[in-house]
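There are 2 protein chains.
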Amino acid sequence: MLLLAGAFRAWAMMLVSIGIIIKILLEKRMGERIVIIGGVAAGPKAACRIKRLSPRAEVVVIDQDALISYGGCGIPYYVSGDVADEKELRSTSFHMLRDEFFFDKAKRVTAMTSTRAISIDRAEKTVLLQDVKTGAEETVSYDKLLLATGSQPFILPIPGVDLDGVFTVTDMHKAIEIKARIAKGQVGKAVVIGGGAIGIEMAEALKDLWGVETSLVEFQKQLLPNILDWPMAAMLAQHMDDKDVHLYLGESAAEIVAGDADHVAGVRLSSGKTLDCDMVIMATGVRPRSELAKEAGLHVSSKGGIVVNERMQTSDPTIYAAGDCVEIPHLVSGRSFYAPLGSLANKEGRVAADNIVGIPTIFKGAIGSFILKAFDFSAASTGLSLESALAEGFDADVSLTSSSDRAHFFPTQQVLCLQLVFDRRTRRVLGLQGIGGASDALLARIDAAAVAITAGATVDDFGNIEMAYAPPFSTAIDAINAAGYVAENLIDGRMRQMRLELFYAWMENVTSQPDWLVLDVRHPKQAKPFMEKYGDLWLNLPYEQVRDRYAELPTDKTLVIFCNAGSRSFEIQRLLDSVGLENNIVLAGGYNFIKRMGADWLPV
Amino acid sequence: MLLLAGAFRAWAMMLVSIGIIIKILLEKRMGERIVIIGGVAAGPKAACRIKRLSPRAEVVVIDQDALISYGGCGIPYYVSGDVADEKELRSTSFHMLRDEFFFDKAKRVTAMTSTRAISIDRAEKTVLLQDVKTGAEETVSYDKLLLATGSQPFILPIPGVDLDGVFTVTDMHKAIEIKARIAKGQVGKAVVIGGGAIGIEMAEALKDLWGVETSLVEFQKQLLPNILDWPMAAMLAQHMDDKDVHLYLGESAAEIVAGDADHVAGVRLSSGKTLDCDMVIMATGVRPRSELAKEAGLHVSSKGGIVVNERMQTSDPTIYAAGDCVEIPHLVSGRSFYAPLGSLANKEGRVAADNIVGIPTIFKGAIGSFILKAFDFSAASTGLSLESALAEGFDADVSLTSSSDRAHFFPTQQVLCLQLVFDRRTRRVLGLQGIGGASDALLARIDAAAVAITAGATVDDFGNIEMAYAPPFSTAIDAINAAGYVAENLIDGRMRQMRLELFYAWMENVTSQPDWLVLDVRHPKQAKPFMEKYGDLWLNLPYEQVRDRYAELPTDKTLVIFCNAGSRSFEIQRLLDSVGLENNIVLAGGYNFIKRMGADWLPV
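First to last, the protein sequences are chains U and V.
Take -17 as the starting number for the first sequence in our numbering and just add one per residue.
Take -17 as the starting number for the second sequence in our numbering and just add one per residue.
Simulated from the structure, these hints should not be mistaken for lab results.
Among the hints, a few may not be true.
For identical chains, the list gives no copy identity; a pair is met inside one copy or between any two copies.
Said to hold, decoys possible - Listed below are the simulated DSS-like cross-link pairs for lysine-lysine, each with C-alpha atoms no more than 25 Å apart in a straight line:
{"no.": "1", "residue 1": "Lys87", "residue 2": "Lys507"}
{"no.": "2", "residue 1": "Lys255", "residue 2": "Lys507"}
{"no.": "3", "residue 1": "Lys69", "residue 2": "Lys515"}
{"no.": "4", "residue 1": "Lys507", "residue 2": "Lys69"}
{"no.": "5", "residue 1": "Lys87", "residue 2": "Lys510"}
{"no.": "6", "residue 1": "Lys539", "residue 2": "Lys255"}
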């Protein structure tokens, strides 16, 4: 015990010494000049953190725009009108506008707006600047430099992208112009190109709040490619369709067609069809803005992201980088990836600031947590999708569950459809994605999952995640636990499932497979429309009668067991297996998934 | 590589062998009789899981009540009318009533209701049963026994508890009777005894939905003692008060007063005051129901919980226990604790079931996640409170933050007040608690925190928790990250804070301390009422002017820096320290906390 106490004391003294050393280092650094290129998210965050850590440091923020430090992710909500004034996107939570004056007065940070950084002289430790309005050049020297140059929109290499009425959603000026045109009634029809997050949010803003007739074009066959797997993306598409957004999936924009006076008149698709419109929103993704870094000889990846270490240092130790211009480690795949999100930009900016003043904080990476509101739905994911996991070489599989987001007897209850992605060999959970209502219910499960996945949790750990429970918020067996349970049953060979992709293929051509039928264990009323449409292919034996009546089941056919959520199907599979009727398979996800995804073959 | 591949193959074959062995064991166990005593949560869960794992096992569930397998946590929502029919609490999500018939038909589980387990003969492996209605006795033998005997309400040892109109909220019959009386208009005034979760939920049900004049009596000085620390509990109390629930905190019920015909007429408090009422809800907590276990010689803790190992085995390896009758390990304190929650009962029941059929699953314990809806507020906690952490010997401290639950420009935004409890020595996070709006926003942060705390996260880890970000759901710097940041700043000595308890003490007697004043850095309009009330004690120097005007500040007084959330105060502290004005301290939490907590000394 004494020994232990002694060790503790030594350790405590060491901590104190480290504290003193850090303090001395901080003092020494006071008076250093830190130049930050980029004034939207990571840049201002780092600037303010540096000033809090080291109030006497000289901090200069350079931005080519006149407007800085805004919440770019809020643009769709400004366009929709949820946010009345663009200034709200540029204000603090205590309602002060974050302009040059604010940075000077409140933070003593020099914000040089409308100023472009032209080049970096690493030997001299200077940056060549140019006044955007006058063209005048000047040089600023730095002790430490932070590149927070952000991203730039990818512009499709097609004719017509420069026409009047074609917009990207990347800065406040464009956002203001888009909203002004809509508000003036100049936009009756709009085409959004790109089915990623910004495209979907903009489609909702145009359609839901302004009633603009809106089409969305995505060249891949689903919305949110690389983020959601097909079943979830199909639910989202069905919902957008229900809300009268016209979706053109698997089609690309071939040309933006001109009307009068170089104004956009339509978008011609690869199929030949032309969509008439007064406005085009091009939301085809962003790319890291890293030319400055590249020209300065810093290490930039083949995909264009600035390469940094855990302390956000570039290949030049006096130059840091953070935000949408960098690549970061993916903590599941182990590769670096590009994650241009305001939330990560702030974290990275803070870590850069700490290191710039001598506090050795680290940023380990991320797993790509994502959430989106689309009309009455939320869609979210964290970690790897099934498709990505398979591409990374994992022995990946999924569990599909549809649980209540709160007690099934609670009035505001909605179904939460989840897909857990896991590795069968190691039992590790690789990702979780889902579709829920327009509440924070899905957020809660995704956030808890993100922490667990980052910590290396297995499917067994997911079964035991301790979610706070009360009927207005959750169920006794939380959706996230249920997802873990099903995954356990799959890995341990207690459950055999048919994936929705395969079931859709069979249903689209029911005679393509010999000797199978659907065993629908739901209530006869629920099964009736299917039985009427599919005759002998669709057999109804209600769940609670199977133990008494399984002898009536055909033994020469594969039984695809069908219920709403898959849980009754699993139980029936266990029963049938135990009595020798092993030629059966559970339909993963069940009707709760299918009715949200929609299908041509569903009874009307 | 070959070696590695060989090792993998050996490992894979080992897994296959284990699978075969488990299967053989399962087959062997088929036909075993498993007796489960208790039919509410853990019992039915285990029964159904056993039948899924081992469909031919014989499973018997014994319960002294006629009604089984209900969601007891839903009772307040049934009383309120949110849930129209009590059957909804006893139904599956696919709307089948979970009665004896259902258990027989759908599960092939024998449910013996209205049957009391009298004693256990461990040598003979039998249980003596008694029919509650006829008194007839019989003996049932078991191969494995599961005790899921649940909890019983604690009844205050005061006169009058047997009067007509005095209810506990512990089974469906009482719930039905309570609601029937209210619906018939027999309840004009009610007194709830006990300020725990059930007491608060019942007070809301009575007041909000039925308009019953409701008082709540709690003998400790705050609501939710041992769960929330005082600042959070004070916010909740203020909100209940705003909703016209009459709170009597720090007062105990001395007697339940009789009126006509042995019907309750009031509750006399320890202060002497009598509260008139037609109904008393006694919600003074529950105790494990462990007499049967104790009489059978099983190990029961001094607090009455049945002691089990990680596989939910009691001290007799053929007898398992799960649910409200057991104690489980607390994964932060390292002690066993009592956590009677439906969510944990289900998890424990599932683990018991696995082990009963020979699958060695484990239940590691819990950290006590908790959430509650109270009118327009949510209150939640996970891990240890500050008070508990100090009592456990941790070097505990707290960070108080009040962040937006979604982008501050998003229309439905509400403030989320969080308290992070951490250990200064190890930097480990010990707990998180908070107050939010009646959404799932607080749930999301508590659930993510619960996973992180269970994994042993530090305050630094909290700063980097990856919360899914989009303006309708969260902020770029999430509330949970902000809580971690403040904790880091506190531990690293960059921030010195004054706790709210001390500030309240100073404000309640402003002359008790010499030479201090409040430096309010908010907008002059916000500071004005305080300046008018407190004169020289209250100095306003707006945040953005401090860098220009700090020389005007008095140097002979302690400055308590005051803002809405504490973040501007922290920045000003850093600035003042850097210019030698180190006699200053940040008011933790700030006005966002104080205005929700209320105080006599606040300007009206």
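Tested hints:
no.: 1; hint: Lys87 to Lys507; in the structure: between (70 Å within a copy, 19 Å between copies)
no.: 2; hint: Lys255 to Lys507; in the structure: neither (43 Å within a copy, 60 Å between copies)
no.: 3; hint: Lys69 to Lys515; in the structure: neither (57 Å within a copy, 34 Å between copies)
no.: 4; hint: Lys507 to Lys69; in the structure: between (55 Å within a copy, 21 Å between copies)
no.: 5; hint: Lys87 to Lys510; in the structure: between (71 Å within a copy, 22 Å between copies)
no.: 6; hint: Lys539 to Lys255; in the structure: neither (45 Å within a copy, 76 Å between copies)
Checked against the numbered hints given earlier, this structure breaks hints 2, 3, 6; the rest are met.
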